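A.B. asks: The chain contents come next:
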Amino acid sequence: MKKNIPVLLLVLCAVFIPLGFMKSNYFIQLFQQVLIYIVAIMGLNIVMGQAGLTNLGTIGIIGVGAYGAAMLARALDSSTLLCLLLAVVLGLVLGLMLGFPSLRVKGTYLTITTLGFSQIVYLLLNNWVDFTGGPMGVRGYPYLSLFGFKLESAISYYYFLLVITILCVAFCIRLSKSKFGRSFRALRDNDEALESLGINIATIKVLAFTLAAIFGCLSGALYAFMSRYVSPNAFAMEHYARYTQMIIIGGMGNIYGSIVGAIFVTIVPELMRDLTTQYQLIFNIITFVFIMTYPDGLLALGKEIIRKIAGALGGAKNGNIEA
Amino acid sequence: MDIIPQLLVTGIALGFIYCLIGIEFTIVYQSTHLLNMAHGMIITFGAYLFGGTMINGLGLPYWLGIILTVLACGVMGYAISALIFNPLRAKGMIFSLVACGIFGNILASLYLAIWGSYAFTVPGFLSGVITVGSARIAKSYTYIIITAIFLIVVYELFSRKTRLGKSLRCVAQNPNAAALMGIKVSQNINISVAISSMICGVVGILVIPLFGIKTTMATTVALKGWIACVVGGFGYLPGTIVGGLILGISETFVAMAIPSVFKDVVSFVILIAMLLIRPGGIMRDKVR
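Read top to bottom, the protein sequences are chains Z and C. Each residue of the first sequence is one higher than the last, beginning at 800 in the numbering used here. Each residue of the second sequence is one higher than the last, beginning at 101 in the numbering used here.
Chain Z on its own, in the form it takes in the complex:
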């Protein structure tokens, strides 16, 4: 039970902090963005953090999810919840599509293939004007409605997101403790040993990619309903660094680390925005230096600091006793 206290605190913060910012749409939207990132990062954490497969296609997958949901919502109009579900199905299909090449290729090749996928998505979104609207993007689709209740206000959509995010995180925690989670980590550490134990590597790899794609598409669809406007620039290939930054800065392969990473990478640059116009540059430099010098991540750093403080207090006590 004691272990669950930080998690409980995090959830309570997520529930009550936005109430303090009710008046400012800017902050509510920032919190919404954090939750949307967390959903995507959960998927990326499975495939990159736990299974150790490089997947730089996430940004493309999110783009497909966002455009899919937006365009379906514009076409179907009333049943937006159905669009959300269809976006998830889209993720399933994409994950299988990306997962099967991953059986043939490894390392360098996998990096290039997945990055290439992101670039194809961006180029099609940007250039295929007849279908996607090109640089103008897609707009003018309805709000997400939940069984007849329209989530028009930012705060109601925030709580909807919060429920989805908690479900996703709970699913991932459960998954990482199941035999699949153990297989993912074994695949990362020693794939031959995994095969010798009679576990089908192919299934595990495709499963990892598919789960990542489903979370990615869901995140993209949620983004589309949040921003009410999707344009190709949000899904340009260069943004892949932002997502990989999140999984590495909190602590690689750790679910809580990924959540911390998503919160950190979204909130901190916004806090720096008032200080300087080059906040994104400065933030990137800080994170770059941090991960070069401390690759274990923020979570491990926090634990170490707590241990050191505890050690110092304990040491002082012991010293007193000896004296």
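I should point out that these hints are in silico values taken from the structure, not numbers from a laboratory. One should not assume that every hint holds.
Each computed DMTMM-like pair below joins lysine to aspartate or glutamate, with the alpha-carbon atoms no more than 25 Å apart [as the list claims (entries may be wrong)]: (1) Lys976(Z) to Asp990(Z); (2) Lys978(Z) to Asp988(Z); (3) Lys363(C) to Glu951(Z); (4) Lys191(C) to Asp990(Z); (5) Lys191(C) to Asp988(Z); (6) Lys949(Z) to Asp876(Z); (7) Lys266(C) to Glu256(C); (8) Lys191(C) to Glu1037(Z); (9) Lys976(Z) to Glu994(Z); (10) Lys191(C) to Asp1095(Z); (11) Lys314(C) to Glu1037(Z); (12) Lys363(C) to Glu1037(Z); (13) Lys314(C) to Asp364(C); (14) Lys191(C) to Glu1103(Z); (15) Lys191(C) to Glu991(Z).
So the derived label-pair ranges between C-beta atoms look like this [unchecked claim]: (16) Lys978(Z) to Arg260(C): 50 to 56 Å; (17) Lys905(Z) to Leu280(C): 28 to 34 Å; (18) Ala182(C) to Ile1081(Z): 46 to 52 Å; (19) Leu895(Z) to Ala182(C): 40 to 46 Å; (20) Tyr243(C) to Thr1075(Z): 25 to 31 Å; (21) Leu880(Z) to Leu108(C): 38 to 44 Å; (22) Thr1076(Z) to Val229(C): 40 to 46 Å.
Take a look, some chain Z residues computed to stay more than 10 Å from chain C by CB distance [to be verified]: (23) Arg903; (24) Ile965; (25) Glu1037; (26) Ile1090.
A quick note: this is a predicted structure, and the numbers were derived from the prediction, not measured. The C-beta atom is built at its ideal place from N, Cα and C for all residues, glycine as well.
Based on the hints, put chain C in the right spot on chain Z.
C.D. replies: Showing chain C alone in chain Z's frame:
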């Protein structure tokens, strides 16, 4: 049918661009075993420095601007290698990808801060048309082809005939054995990355007439350079040349048949097909 030679020259020129990028990418990969995700930004640096500072800013003659830019790229490559690639070598693949990605973003923001956020170009640089029979060929393409062939020959001579080139190849093949033979491994790696960055600088200057100067100018080409490597056979120079030419020529000719929207997708389709049919590349038997 005067359009055929015109398209062919365009395709070959693009192919050589991909090939040069493939070569600089392979140099870094072989010596450090890192994927230099920031190479697109080093290419962009060459273009910005040449166009923004040397020509439009200081008004230097082209030849001096080119020499200074290439040298500056070399120095930058050396610094990047000493500060980033050498420490990164010991860490895992995913980690180095992330670090290089963030580093690329840092460079992009720096360029915007230094040279402003508007795209620009160098007026009159490599412009003009050569008329051969009834075919009209842009001068920039001929310059690209000549420069690329010259660079490839020089690089091959350098790495086969000179002492430094040989030691660079030793480090690429087996860093431990090279260290035992008294070769300074990390210094050699720095020089490799510097050479790779100099090639990046040349590519950046050459593509100014094609794409203009902006931070995203090299994103797509940089990726296609990798694809050229994979299609030809990773780490084998003639393979990279063949891969680059196949990509460049097929891209230009396919663009005739299908809507130009899908032009850039062609090379990725070739990549996926290659990976599924022949993952080692066309010349895989020669790749060691």
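A.B. asks: Report the numbers of all earlier hints that the structure fails to satisfy, in ascending order.
C.D. replies: 3, 18, 20, 21, 23, 25 and 26
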